[in-house]
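**Student:** Residues per chain, in single letters:
There are 4 protein chains.
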Amino acid sequence: MLKVALIGATGAVGQEFVLALNKHPWFELTAVVSSSRSAGKKYLDSLRDPASAILRWHSRNEVPEYVRDMMVSTVDHIKPDSFDLVFTALESDDALKIEPNFAKSVPVISTAAAFRYENDVPILIPGINEEHIDLLNVQRKQRKWEGFICPLPNCTTTGLVITLKPIMESAGLRSVIMTSMQAISGAGRSPGVVALDILDNVIPYIPKEEEKVQVETKKILGKLDKDSISPDALKVSCTCTRVPVLDGHTESVFVETEKSLEPDEVKQLMVNFSDSVTIRGLPSAPRDYIVVHDDPTRPQPRIDREINDGMTTVVGRLRKDSVFDHGIKYVLLSHNEKMGSAKGAVLMAELLKDKGIL
Amino acid sequence: MLKVALIGATGAVGQEFVLALNKHPWFELTAVVSSSRSAGKKYLDSLRDPASAILRWHSRNEVPEYVRDMMVSTVDHIKPDSFDLVFTALESDDALKIEPNFAKSVPVISTAAAFRYENDVPILIPGINEEHIDLLNVQRKQRKWEGFICPLPNCTTTGLVITLKPIMESAGLRSVIMTSMQAISGAGRSPGVVALDILDNVIPYIPKEEEKVQVETKKILGKLDKDSISPDALKVSCTCTRVPVLDGHTESVFVETEKSLEPDEVKQLMVNFSDSVTIRGLPSAPRDYIVVHDDPTRPQPRIDREINDGMTTVVGRLRKDSVFDHGIKYVLLSHNEKMGSAKGAVLMAELLKDKGIL
Amino acid sequence: MLKVALIGATGAVGQEFVLALNKHPWFELTAVVSSSRSAGKKYLDSLRDPASAILRWHSRNEVPEYVRDMMVSTVDHIKPDSFDLVFTALESDDALKIEPNFAKSVPVISTAAAFRYENDVPILIPGINEEHIDLLNVQRKQRKWEGFICPLPNCTTTGLVITLKPIMESAGLRSVIMTSMQAISGAGRSPGVVALDILDNVIPYIPKEEEKVQVETKKILGKLDKDSISPDALKVSCTCTRVPVLDGHTESVFVETEKSLEPDEVKQLMVNFSDSVTIRGLPSAPRDYIVVHDDPTRPQPRIDREINDGMTTVVGRLRKDSVFDHGIKYVLLSHNEKMGSAKGAVLMAELLKDKGIL
Amino acid sequence: MLKVALIGATGAVGQEFVLALNKHPWFELTAVVSSSRSAGKKYLDSLRDPASAILRWHSRNEVPEYVRDMMVSTVDHIKPDSFDLVFTALESDDALKIEPNFAKSVPVISTAAAFRYENDVPILIPGINEEHIDLLNVQRKQRKWEGFICPLPNCTTTGLVITLKPIMESAGLRSVIMTSMQAISGAGRSPGVVALDILDNVIPYIPKEEEKVQVETKKILGKLDKDSISPDALKVSCTCTRVPVLDGHTESVFVETEKSLEPDEVKQLMVNFSDSVTIRGLPSAPRDYIVVHDDPTRPQPRIDREINDGMTTVVGRLRKDSVFDHGIKYVLLSHNEKMGSAKGAVLMAELLKDKGIL
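Note that the protein sequences, when read in sequence, are chains W, A, Z and C. If you're matching positions, the first sequence starts at 108 in my numbering and goes up one per residue. If you're matching positions, the second sequence starts at 108 in my numbering and goes up one per residue. If you're matching positions, the third sequence starts at 108 in my numbering and goes up one per residue. If you're matching positions, the fourth sequence starts at 108 in my numbering and goes up one per residue.
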């Protein structure tokens, strides 16, 4: 068993890590780390909001037994070299300060944006761009670290790239136009989205989100040239909105390909990709990497988000697009707190261990 | 005062007509017409659901006094020639049968899709394509009717075309990609959207909606050549979804223009268009035809839908698009039951009367 | 395996029966029966709404494989004596006509109100009033039926009675005042609650609901005297409302007891009752019959409704009441479509089989 | 015109004050005061959330012109004696420190709980307990202040007491059992209720709320004896819950009276009370103080909360209660941010000025 620390353990993403690591066959959570406000409390007690008395635990599943009585530490009170692996679920500003301190001695798998855009840092999605893993060794060497920082993309990027990849391999990608309808859990929990802002409403703006998706998509689909990644030439343009949905990001996607494809062919490409995806067999890998519905009313976030415990990207409404010469359009759903975040990070760790990098 | 009949008076759109005609300076509602189930009841009584006892009246405003005790008739019990004008708020199948019977003797302004795609029928948006009004006379002659059928577009088309028109006039339009997040009131009230389907959910499909928007946009922006309209060459592609919002359709729009435009220029074009729009001064015309926000968090349906009693199209998030050579993207909000439906139809009637067609 | 028919198989409650009978160790569903509109279709196809194309399947769990291709019959096309047991999920009017036809030859377990208030019909909650089962034999004899009609209570009654029973046994009940906040799934699905009625709203009235709860509570807690039940003398008064919650009825309860009880004692009574409830060990029985929270923010419907697959009644906020001389108040949550309906009916069937009545 | 300061001007209640004082005929807002975080900014700018860029302005009405460019001060930078009147919209802890400093020289009308339970402080509802106004003079004398602190009750108390008062006058009150379904705006806006906590949910607990309602109801309905108020002997017990509703508290009320009353009589008492209420004619007084519906589906918060700009208490479902010997039950709706808070405070100020106390 690898010894694992979780930094940012009490927030929304941290909670999903706690669930994803419950009874994990390879990883043992030995430290839950949070801000000084929570430190010194038992994990369960640290979740309670002082004003409203509400337990800020988001999942329908109870707080797992194994973590309830673990004492919450601060980053200053744990030693990096007591761990084989560190997961972080931090805001970008905190990640910028904290992650390098750990990466000096131990691998850090991060859900934060802080290092995603550095030259020697790949943005990894398990099953999509394993050839970029080599950049972690470049990073190690260049920074003279024993560990490394290995970030996942923004949760809105994940489902988009997973569905683009099989199309790209077969027909090439020219451009992507995407409008997202994102769940409120994507904004975290302290306070995250305020109820008075979102009930009976759509908020047409999420700060920095569109830039992240645009840059990350091109980097993840880019080519590793020795010691940096050349972003793909693909053009990406998006508008990101928030809707009154608890979990699951829905995205309406319009794709221009180099070669013409029929909707049925795209479906087949996605299904084939799903059937032969590299991560099959890892402990957190879903039965289906991508599911494609013929039913025009799917995917729906409330119905489809928990399929395979939130690790499947669900696609529907595959149609010809009439604007691009070779155009395809579809709707996708990706669970922003599972595949798009904590559980995706655990799957990433499994892949790195499987490849001997951990 | 023109004597007016309202067919389909008890549904969601019918109710908005009842509100829009309350104390109208030019039009007097003298007949409320509905299905045989409601006929013979007072208007107020006809709105009550027999099973749940709920008054199926959607507006925050009370049922206006003037209509409460009016007896509901069926189409078989009123004479077309008792009216100067007929408004219809019917499902397409019913409109197909009922509207021609009335149009033989009296002008019919319709919110239904039934006749929108006929050669001698324009689709009119007040303030946008008045030059198409002449086609009503062609229709009269060809069909040997004393009246005519004058349909409005689908409520999702309205806001899109209103925002495209000023761009088109100045820079030309090549293509439009649009994703809508539509309100539940757009599906009507009997039963319309079922609560169990939409709470904490997005439904990524609205039957026939996308085809309507695509065809109607090109027709409304097309050219009248003698006795028919040549649709504009513009390419339009959309995905229409339903979100848990009571009123107000939000649309995420990506536009390719012929000439390059900066976001600031587009804003100025929209503001100028709004300031000089033809319908200014009509009783139901809004103070602002289009409002453009610099605030990136606007438009929001709950906050912006009732501005100028729902007759204003609200635009925000004007930005360069990075996919098209000359690309602009923005978010718009249009009130689907006001400007996009009943009150838009009343404004249309005012325009026709002002021009002497009624 | 007992052969089982399900009448009313396509509605909200019918769907829960389909789930509850999936891989059941004792019962095999051999006929799914619905109205003529659905008859002749495969079960899966019969669930699709013709207008919106939405699959009217409420559960997060997929439609079970075993039932997808079963052909839907009408009541006229099945023979009562082909079954060992019939479950019905019907509106009261239909139940009144259909249930006796089947009860002549086969036991009928019903979720409808049609026969609940007959003298020779008990209203049974598994674990609460098994001594009333004898009345089924009286009914058989009096009506000269081979089967019987065995109804469950209204879903709002179930949780209330389950929490009152342990208090009654120990301290006697004088009166109960209850305000419910009921989920929208309690109104079924065709159309059930219309989204425009309930979003951002509370509806303070559910037709006939309060009368049902008041009468049923007294009957279930009453005494069987030979061939009829004397309702308990307990006074019950309630107000039933609908809130924007998908599943799970929340009830705010104020109880006057004969003997004084402290909140801690009530908690202990409930826990003890739960630990020794008669249904323990039956296939559909929950691990906990009642759970009592000390956390003042519980129960919450979204968090607590699925505990033990919706078969547990969850209690919280146990406090002294200051109006009654011996008063206790609390909040309870009961899953209206699981313990309060279909799965409760299956549990009832298990109990009857266990006792040799089936 | 009286010069008025508003302390706590940027929060949810503060915003309602800003609206209520817009174009007020008697009061001129000359200072908007908030925490140091907002100080030095224009009022409009101070409302914007730094992280999400959302303008934290709750009302459908725009921020009034008159206040947009006013500079926000802190309490340390304004002089109490520059004002004729101070409104406060503060959390209790802040009120405890700030209000006395101002009350030394100027009347303070407060929405906070800090001083409500002091012996020399009345809790005033305009139209209900004007005879308690005399206690303000006692307070002045005892504390040697030129001003006074005049608090309104908790927003959940307001509607309850307004509906109890006419019953009490005619039939006497013995006990009240109440369950509230409270709107999310009642929890304020920074952050108030978190969306992840309340969507598809009910929270059965609001800290301290029940105690407030129980104590305040008895004090407001009590008798002023020289220099303190003897609370009424009425027994009050309640359970307060939060539901996914934007504005408007719904309360389910069960009342035991001394004399028996029929529902029709209660209706008549409420209507008569409403018709002759003392505040009629004041600028912020509603056309109807109480509206009683016969329609069993009313009141509904979304439909009824804005009647008379939120200053009317709406009652429905008046029925006999079957638990108490002389029992009545009903449902009420009160706008928590209008009559129950800021606009109620402005109405209170009008009443005090009308009586010459200001």
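Any given hint might turn out to be false.
Pairs involving identical chains hold if they fit within one copy or between any two copies, as the list cannot separate such chains.
As the list claims (entries may be wrong) - Lysine-lysine pairs mimicking DSSO-like chemistry, simulated, CA-CA at most 30 Å apart:
hint, residue 1, residue 2
1, LYS110, LYS325
2, LYS149, LYS325
3, LYS148, LYS315
4, LYS460, LYS315
5, LYS130, LYS315
6, LYS315, LYS204
7, LYS374, LYS149
8, LYS366, LYS315
9, LYS186, LYS325
10, LYS366, LYS149
11, LYS186, LYS315
12, LYS462, LYS149
13, LYS110, LYS374
14, LYS149, LYS315
15, LYS186, LYS130
16, LYS211, LYS130
17, LYS130, LYS374
18, LYS248, LYS460
19, LYS427, LYS462
It should be emphasised that the hints constitute simulated quantities derived from the structure, not laboratory data. All values reported here derive from a predicted model rather than from experimental measurement.
**Student:** It remains to establish, for every hint, whether it holds in the given structure.
**Tutor:** Now the hints, each set against the structure:
no., hint, result
1, LYS110 - LYS325, "neither (34 Å within a copy, 58 Å between copies)"
2, LYS149 - LYS325, "neither (42 Å within a copy, 41 Å between copies)"
3, LYS148 - LYS315, "between (34 Å within a copy, 25 Å between copies)"
4, LYS460 - LYS315, "neither (32 Å within a copy, 49 Å between copies)"
5, LYS130 - LYS315, "neither (36 Å within a copy, 40 Å between copies)"
6, LYS315 - LYS204, "within (20 Å within a copy, 40 Å between copies)"
7, LYS374 - LYS149, "between (48 Å within a copy, 26 Å between copies)"
8, LYS366 - LYS315, "between (32 Å within a copy, 28 Å between copies)"
9, LYS186 - LYS325, "neither (36 Å within a copy, 59 Å between copies)"
10, LYS366 - LYS149, "neither (57 Å within a copy, 40 Å between copies)"
11, LYS186 - LYS315, "neither (33 Å within a copy, 43 Å between copies)"
12, LYS462 - LYS149, "neither (35 Å within a copy, 48 Å between copies)"
13, LYS110 - LYS374, "neither (41 Å within a copy, 41 Å between copies)"
14, LYS149 - LYS315, "between (34 Å within a copy, 26 Å between copies)"
15, LYS186 - LYS130, "within (24 Å within a copy, 51 Å between copies)"
16, LYS211 - LYS130, "within (28 Å within a copy, 53 Å between copies)"
17, LYS130 - LYS374, "neither (35 Å within a copy, 32 Å between copies)"
18, LYS248 - LYS460, "within (19 Å within a copy, 71 Å between copies)"
19, LYS427 - LYS462, "neither (39 Å within a copy, 42 Å between copies)"
In summary, the numbered hints that this structure violates are 1, 2, 4, 5, 9, 10, 11, 12, 13, 17 and 19.
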